[in-house]
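*Asks:* Each chain is listed here by its residues.
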Amino acid sequence: MPRHILLFILLIAPLASFAQHTVSGTVTDNASGETLIGATILDTRSGKGTTTNANGRFTLTLKGDSAMLRITFVGYEPIYDTIVLTTNQSRNYRLKSSIQLQEVTITAQRINSRESAQMSALEMPVEQLKAVPVLFGEADILKAIQLLPGVQSGNEGTGGMYVRGGGPDENLFLLDGVPLYNVNHLGGFFSAFNADAVKNVTLYKGSFPARFGGRLSSVLDVTTNNGNDKEIHGNASIGLISTKIAVEGPIIPEKTTFSLSARRTYADLLLRPLVARMALDVDGKTKLNAGYHFYDINAKAVHTFSDKSRLYATFYAGNDDANIRVRTESSLQEDQYLSYINIWGNLVGGLRWNYVLRPRLFMNLSSSYTQYTNTMDVGIETIATLNDGSEQVSTIDGDYLSSIRDLTGRIDFAFTPNTNHDIQFGTYLTHHWIRPSVASASIDYYDQIQMNEAWQMDTNIQDALVLANDWVVFAEDDWNINDLLKVNYGLHFSGFQVENSFYPSLQPRLSARLLLGENLSFKAGYAYMSQYMHLLSTTSVSMPTDLWVPSTDRIQPMNAHQLAASICYDIPLVAELSLEGYYKRMSNLIEYKDGMTAFGTSQGWEDLVCMGDGWTYGVEFLAQRNFGEFTGWIAYTWSRTTHLFDREGQVLNNGNPFPAKYDRRHDFSIVLNYKFSERFDVSATWVFCTGNTATLAMQRYPRASDDPDDYNSGRHSLSHVSSRNNYRMPNYHRADISANFHRTFKTRLTLANGQPRKIRRTINVSVYNLYNHANPYLTYTSSQHTSLGYSRALVQLSIFPILPSASYTIYF
Amino acid sequence: MIPHKFLLIPLLTFVLFFSSCEKVIEIDPLDSPSQLVLNGVPSAEKPFFVYFANSHFFLDTSNNHPVSNVDMLLRVNGNEYRPTHADQCRYFFNYIPHEDDSLSIRVQAGDRLVTSSTYVPRMPQISNLAAFINSDSTFNLLVVNFKVTDPANYHNYYRFGITQRDSGSIYIPYFDYSDTIDTTFNTFFFCFDKALTSPNAAATEALGGYLYTQLLTTDANIDGKTHNASIMVILLRDTNEIQPYIHQYSLSIECVTPDRYRYLQDIDEINSMMSLIAEPPEVYSNVNGALGIFAGTAKRTFPLITISDGQPINTKVNIPLNEDPTLISRYRHLIPPHILQKLKNRPTR
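Protein chains in written order, with my numbering: chain A, 1 to 812; chain B, 1 to 349.
In isolation and in its complexed conformation, chain A is listed as follows (with noise of 0.2 Å):
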């Protein structure tokens, strides 16, 4: 162990006390012994209680000679355990499913919103996101956290995050605690996140613990499921889109087991047919191939040695595939070939050593690597047949290649010294290799029949290869000062080499929470946020031509103070209500000069942009019922984000402060999920937004010149924009709706335990945008259609009408 967090545990051993006795231990699904996070281990004598981490594990550390725990989760019967505290314990437990325990769970909700002092973070249910319906019927879990108070999406259907006025680059994704790049397929409209290969997901918007850094924003912590111990599971899935399996199981039994689930777009191999025969239908010459699909796979695996030292491995791929060939006849003698191939995607891939050093000390030690690629190959192939009967093959071929990609290694601890605190620290080094852009192109041409000449080119244009560091080291404390007052408090110094550069960032992390009666609780935090890495992005849709570029000399890393309090009120039996505030200030933000966008290429990226400053601020209202038949939520935002770039040289819409670009007043949401029975369910919701903001130049005027007849024509004319975003969009509103047919049959197969092994379909039928509201995907000006008397009109495209959908699921 490194000599240093030796020294860090003498020096915080003193607030370990000698009569106290510490409890540790995991608390897991009875079924298939998943380890359950945010489980709740309470003392019912003295009510001192905690949380299970993201690992499963608890430490409580007691007073007197015995104690009553009380083990509860959401959905899970609770266990009453009665421990003589002589020494300290370990103990596991496994909770067994219940559906029919109501109070139980919301107590277990009760104590998780009254407990902690983490603010802005929010923790939903997979199940209860999965059920949200969604475009084409595809479960996704962001699209599910966009309707959460907060979170603004960007374009329609697409799966862009806005969190509190940030970027959609300001958002840290961690799959099992991995950072990915990319986390939208076909352009957002689908995530990267197979629903289901998840098992828990958590949502910080403020206040974030000192163990995150490296984005202004959010942070989404996805963890996937580590796979049944006991017996093989699984379930396999068909729909509008895509085709789905699941399977997870022991590979040694209560040793080791595995969770592994794909996920493939089969729209290109039913397509490819038609495509080919319409552009056959055209001219009788045109033979078209193309297609499109995504893919992702997620693979778990975990060893368990002891109870005390656990092994995990994670793996992800996840790619887009869109490809076109096409071979035309130009002329008689000619063939030609058109080929378009371009695939983009991530890599990631984790092992993790969990291991209990002490009681109250636990350990993590860690390594990831992830990447993301995007490589087109675009080519043109001419088959001449010459006069001789010989055939010519002439070649044009570009290349591309953008990658970015991480090694990262981790150790971390969580210590606990006693009742009252509850330490986490550690430290990590990440590596970055950064290449923006590759592209080469050759040209090995003869055009023997027109001109006789040919040409030959080679050549190869590539961004330098940037190589970073981003060392991080981080120390936290939830501190129970008393029965009302907790803390938690924290540092997390980052520091970030890159080019000639260093850019240390100390960043203080603060919440706090005071209980104001039984059911009514007051938060409050600070934190401050660092961000290295930019997201040259080209348009509001997620297209793999975006690329990942970090800070450099001249552009410095983003920084954000955020401030929140909020006011939590449990109506017992009924709901969880929050109201919250924020005030976020930023500075550095990145925007591009007007007239100015990277397309493709990062070259001269950095002339590209303006540095400036924002602040951004709003209220968030959430009711919440998460038990019962009837669940859901209603979510509502009033916010407003404000840029200013006003520095020397780096001026936008002359210095005067402007909306952001995704700055909306209101958004809301309302998502309600009814069970009427073990075999049907239903589910709604409703979203209403004010209208995206954009620049449009309402006036025009003629070019100058110094022939007076230039001015008859009225053909060169220029646009005058008043200011920028200038203009907001019709408001949006859409309802969905979707409602499950379930049915369970046994089979003749038996389970470990000797029951007949039960399998489940389920039928999922869904409509997406129910009444069928035009809302506006991107607008334009169109000399096609009149308004106002004039004979060209502004015109919104709208891309979802109605969208009805189904998917079968089996559950085995």
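Honestly, I wouldn't trust all of these hints.
[As the list claims (entries may be wrong)] Facing chain A, according to a computed beta carbon distance under 8 Å, are these residues of chain B, among others:
1) K23
2) I25
3) S34
4) F58
5) Q125
6) N128
[Stated by the list, open to error] Interface residues of chain A toward chain B, partial, derived using beta-carbon atoms under 10 Å:
7) L270
8) N653
9) S782
Since the hints were derived computationally from the structure, they do not count as laboratory data. These numbers were taken from a predicted model, which means no experiment stands behind them. Virtual Cβ for every residue (Gly too), placed ideally from N, Cα, C.
Start from chain A and add chain B according to the hints.
*Replies:* Just chain B now, kept in the frame of chain A:
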């Protein structure tokens, strides 16, 4: 047999699917009040006029929205001029600008006041103009060589442009949203002259940009020197046209004021492909109280070549044909492959 009412279900779904794709958004013109516009380009040795009008709503395609109650006064080197007559928002003066003239203008339109000032730069010193052209089946490559003598201790801003005379009107080929793709790629403009494309000089890239049809540069690298300049222009052969046609190309070389230089740079930005997906840039204005530009220029124009029915013919300037047969092969790869492909697939007459 399936009842007819069940057949209605897919039909209704189909209709709904395509019913909500496009929708006109009503915008109140009053949300965007019009602005005054003043354009004045005092060009050495050319009769001077000022364009003064209201801007128009972006959905309105009509031109020249006049302003009433206009009182316009031009001061040149201390002398005052008033318009002799006005025609469709153009106010003509009995004044011909000369090098180094200093001008200021003051317009009172009701209770609104518009002012600006500028000067007339010196004429560019050009000599030894020579040009030659090479042709193949898809395009003509025009090479223009000349000497430019830059005066010392006089900060000059240059604009080199290719002017195309077509169907009786003269215009500078440029990119516009309303143009068709054929027009857009009608002319490629390349500058291989490093001295004229230094990092501090111009919006044009070192190897040229195929959407730029002008080169804006300063005299930063040629101040006080006589410089041998070379510009290449790729003229695509527009074989889509049914009727025989004649295109006449001229080289225009201007010395412009710093204000006009910034104005032209902004127009270059607008014309670039970037602006299609970027935030629309605001065009620079040096006019107080109005949009537009009031900036001087001194321009010389040289006829270069006439292309008749796809074939280059000589004009008054003796331009050798196919002086260097290897030139086209050397530079043909600069045309983007998809454009080349498009050209090859066009029907030939």
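*Asks:* Output the indices of the hints that this structure fails to meet, ascending.
*Replies:* Checked against the structure, the hints that fail are numbers 5, 6, 7, while the rest are satisfied.
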